[in-house]
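**Student:** Residues per chain, in single letters:
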Amino acid sequence: MFLPKRGAAADLIVIGASEEITGVYAEPARNEIRGMQLAVDQINKAGGVLSRQVKLVIEDNANNPGTAVEKARKLIQVDKINALIGTVNSANSQATSNVCLEATIPFVDTGGHTDSVTGQQCHWTSFRTCHSTWMETHATGYSIANKLGKKWYYLAPDYAFGHSLLDGYKDIEKKLGVTVVGEDLAPLGTTDFSAYLTKVLNAKPDVLIIMQQGQDLINCLKQANSLGLLKRIAVAGPQGEIENFWSLPKEARVGYWGFEWYYKSALVTGKNKAAADFIKTYTDLYKQPPTARSVFGYVTAQQLAAAITKAKSTDAVKVSQALSGEHFQGLWQGDAYYRDVDHQLIWPMWFGQVRGDGAGGDEWNIFEVVDSQPGDKVEKPADDQKAVCKLNYPA
Amino acid sequence: MMKFANVIGVSFMAVLLVLLPLLLPAVGLNISLGTTVILFALAASSVNVLLGFTGLMAFGNAAFFGVGAYGSALFIADVNANLILGLIVGTVCSTLAAAIIAPFLIRRRGIYFSLLTIAFGQVFYFIAYRWSNVTGGEDGFSISKPPIFGGSSPTLNGSSYYYFCLAIFAVLLFVLWRIMRSPFGLTLQGIAQNEARVRYLGINSDRFIFVALLLSGFVAGLGGALYSVSIAFSYPLLMDWHQSGDFVMMVILGGVGTIWGPVIGAAIYAIAQNVLSSFTPAWQIIIGGMFIFFVLVFPKGLLGLGAARRRREEEASQDPDVAVVPAGLIEGRQP
Amino acid sequence: MTANANAAPFLRAKDVALSFGGVKAVAGVDLDVAEREIVAIIGPNGAGKTSFFNALSGFFYPDSGTVTLRGQDITRLRNFERIRLGMSRTFQTPSIFAELTVRENIMMGLQAQANVAFSMRGLGARGKELAGRVDELLDFVQLRSMKERQVATLSHGGQRLVEIAMSLSTSPSCVLLDEPTAGLAAADTTRIMEVVRDLHDRLGLTVIFVEHNMRFVSALANSVLCMNRGKVIARGTPAAVLSDAQVREAYLGSEEIVNV
Amino acid sequence: MIEHLAPEIVNGIVLGAFYAIIAIGLSLIMNLTGTINLAHGSFMTLAGYLAFTLMSRGSNFWFALAASAICTAIIGLVVERLLISPLYKRVPLYSLLLTFGLSLVFEEVFRLIWGPSTVPFSAPPELSGATQIGDVFLPTYRLFIMVALVVVMVALLVFLYRTRLGLRLRGAVQDAEMLAALGTNTQLLYMTNFGLGILLAAIAGVLAAGLLGLGPTMGNDLLMPAFITVVIGGMGSLAGSIVGGLLVGLAISITTLYLPAASEVIMYVLMAVVLLIRPRGLFGEEGIFG
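Residue numbers (my numbering), protein chains in the order written: chain A, 1 to 395; chain B, 396 to 730; chain C, 731 to 990; chain D, 991 to 1280.
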């Protein structure tokens, strides 16, 4: 029988994790799970939460929102979880967030970036650890202007996510007095960017901001390289997923990218001992350095446990209130907090250059951090968010 | 007149479905999985209208399912948070979608028909993906559960929503059963078995296929509309051809051309997927393998097994591989 | 009996040609059939008889030539539209609904004829009337006792009779029968022969049939058309055609002629 | 404008040639055996991964291309014999569903063996970079693909029109029963035909991997445009697949230049227009399947 013993539920804190174990996001999902698992193990070793052990129940949401809803409900109804964490795909994050509101279970979105989770579709039960799309564009916007120049050219994928990235940059461009010399929307799945890239070469911007993802990004970078564009114009983008860059051929490991965390940089971790310990333990355990995804998972599980401890209860309202607004020291320099107004984690974002080969005898170390931006500077002001996001805590 | 065995069968299924919200938690599954089974069964039944009853290899019904889902979700979110009205709007949308593509489809038979259903189904997927201002694109589209009659009427949740879906499903199943026994249904069976003969009885089979497509779009859309409310979400993958393939497989798993087959198939599929994916990341291999196994070994599905044996006993001798969906599938060279 | 020269013939095919991938199956065939005539089409295998039937009944459209029914050009009319004009046909291998009962097989055409085929509910009051018609038609082919049998379980001859009854369910004025006795035992052949005669004598229908059994042809047909390699090689009374030298040569060595 | 248009036209032809090659394979298999091969894309991906594995073990690109294409075709033959051939006497739905199940299994097996993300598959150095033709720079790898696909297509035509087996195959595609009556071993023909279709897919798969990047769903992403190519060109017509593929490829690449927002929808619009005017597709013959 695979049923959890119902009696046991009272002796345990059960945290559900819904992750894209199968499908295109399997790798980031795996790293999020590793982070969560490590945090839970450490918590249990230290005596658990409210002197109860924490149990992590992991479900595969198959990278499909319908399955994500089903699995969230299964975790809530059958496994009697006290809180739910996880998701990489934004659609899954939002769908799961809605289910958790219905069941009044706290949900922390570890890795789905779409603005709506802490924006228009925010709920009092929902939190988010990773940066919002808005934060990514603004953080990199400041850093690009700061490090690379103020004459920009946009290249974005022509679908919902590309449009919201573009909106973000258009907002920051006004604040910084940037000149935009060109803007192109390329269809998703474009294989040949040479027409766009030729236009870019003629427009002579300081920076080409590429918002493509996945295979489109790889194709674009390879072609930019072969056209010699990289020697004349800097290339930058909102988010570099280290898992992706590790699997890229060396000629495509180029450009400046926003990073949500990095394991080998004084700008990121500084003298934070917790971070150093985490990196060492994680690397020893999994034979691979932690990524931003690992940190999402780890910090989420850790902060959820801290909130339950602080609330002295697993009651959803109490836990949510305990999590909200509480400042903590994460795995980076400076503090962080899930802010009251929309439950978005406010923490810094970094910026730097990707290189072909690992540095310092570490094949994983292909990123050089050059800049960082504080979280409260790059997220929408709290007052603006009040108009968009209504958390509607129960009275 | 129903045979005694059928009465037993129907009663058994009825009791099983009514008690499902009690049975599922007892075996470690959640009630909403039951709702999903019912709604997938609706989609599979819509495939069955074409595949089982009319002999048309439809491979694009997820598009109707998805149009129903988006239609009701958009209406509920943007116009009126009223469950009943939302379902009506979603179903009207999906029936209209069927009416739009039907003129392209009814001119072809056999695998060309399948090919066209795949391609046109993908058109709807593409629209949902691309028209993100309205549909939310790949991020999907959230709604909150609407009150049943709008305003301050109650909102259905968990098991009450399950019974709501079950009631609609039961009515629809009865209607389908009646239709299959009507003159219209008889003509559809005729088309499935021998379309040339149907035409030589002076019947314009194209018009029947057109209506069958509308019926199929209606049933699938109703399932989709109920599904988007069930999960309070709609997303483009609902319309992908893989989803269509899953619906067709449900029909085959249960038994093609039978009223209960799609229900049984949907239950096997949904429960297997749900349970397996909790245990192993290789669940898709097992599901795919199950499909292959059934196609090779039990092509008539679970229900077809019994029915086939009964028929075989009556018949003198027949090729054991006689097609479940005969003749009409291969397109003849007819004007 | 020949067609009345003044009036337009009941069914007329003029210079009908049909080819498949370069092979001329029918190469310019003319045929005039008068109302209530019985015409037999004979010829060796591959002579193009069935292809000609297909062109007449709209299974394929002819490449050239015209087909008229009661003076109306039906060459490009779709097959089911011809049925509504009173044409009806059977196929070389019985074209039936094998998994349905005899009753359902007959019913389908009756429904269509009564314009109730689109009804998604029961037949209501019309049901009784149509059931009566089913019985009538089954009496005609003497199959009433088989009414609830699945057609697949019937003998070959039984299936042919069902097909004939089906083709009558559309109330035709003209029936095209493609080798009604092919593959039948002697007793069944006689029974079919009686039924075909009744089509003409009792129901007053025009009958055109393709046949290899020459006993059958000479006993029933008013007029015979012999085809070979897509062309008409002889036409006239059965006696005249069957004694034609060209016909005998075309059939030479083939066993069908033995029956003459 | 020419400096923009020329690369887009090359791109369109390359894309179109891919669709055409895939569509020819699909169409051959569809016509002879009535199987809509939904696993066709999986075979392309498989060939890509095999080539990737060979190259990461030190093989050069050319050997990897040949070896993986042949291996994939052999795997295709095994699949055809073991799984698909038992279904030939059944209605085509079953082979369609079998290949559907197969594609699910394949996709997940790829993830388990080669990981869920794309793998770093690079075109050989001699084919990277750009070639200057007049004032226009064209990516060498694309030119190579264009030439390679044309060579494959010519070889295919020579096989189908100039060899005995090819002639039989074409005859069988038109009328399988007639061929059986003439005593040709139909099972052997089915096998050859399927193997040929998969071989084409495999070659396209390896070439595509260097162009589009190699991940578990690479082949499936190319499958839908190939289906639409078949619909547009007309089922069972070689010329239809070639013209249809080029039409789709060029339509996509030219709209990309002038109206990028429409470049995805153009394929579906093209299909609808063609079907409205000619329900059989451009070159569709009145074959067994209409």
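Treat the hints with care, as some may be off.
Stated by the list, open to error - Taking lysine to any residue pairs in the SDA-like style, the calculated list, with each CA pair at most 25 Å apart, reads:
| hint | chain 1 | residue 1 | chain 2 | residue 2 |
| --- | --- | --- | --- | --- |
| 1 | A | K273 | A | G182 |
| 2 | A | K80 | B | V422 |
| 3 | A | K231 | D | P1114 |
| 4 | D | K1079 | B | L691 |
| 5 | B | K540 | A | W124 |
| 6 | A | K170 | D | P1250 |
| 7 | A | K170 | A | G182 |
| 8 | A | K390 | B | M685 |
| 9 | D | K1079 | B | N552 |
| 10 | A | K250 | D | T1207 |
| 11 | A | K390 | B | V422 |
| 12 | A | K199 | D | T1121 |
| 13 | A | K45 | A | D315 |
| 14 | A | K151 | A | K80 |
| 15 | A | K199 | A | A145 |
| 16 | B | K695 | C | R879 |
| 17 | B | K695 | D | P1250 |
| 18 | A | K273 | A | R232 |
| 19 | C | K754 | C | A738 |
Read the hints as simulated data drawn from the structure, not as lab findings.
**Student:** Compare the structure with each hint and give your call.
**Tutor:** Going through the hints against the structure:
no. : hint             : result
1   : A/K273 x A/G182  : violated (45 Å)
2   : A/K80 x B/V422   : holds (14 Å)
3   : A/K231 x D/P1114 : holds (22 Å)
4   : D/K1079 x B/L691 : holds (12 Å)
5   : B/K540 x A/W124  : holds (17 Å)
6   : A/K170 x D/P1250 : holds (20 Å)
7   : A/K170 x A/G182  : holds (12 Å)
8   : A/K390 x B/M685  : violated (46 Å)
9   : D/K1079 x B/N552 : violated (48 Å)
10  : A/K250 x D/T1207 : holds (22 Å)
11  : A/K390 x B/V422  : violated (38 Å)
12  : A/K199 x D/T1121 : holds (19 Å)
13  : A/K45 x A/D315   : holds (24 Å)
14  : A/K151 x A/K80   : violated (54 Å)
15  : A/K199 x A/A145  : holds (21 Å)
16  : B/K695 x C/R879  : holds (23 Å)
17  : B/K695 x D/P1250 : violated (47 Å)
18  : A/K273 x A/R232  : violated (41 Å)
19  : C/K754 x C/A738  : violated (28 Å)
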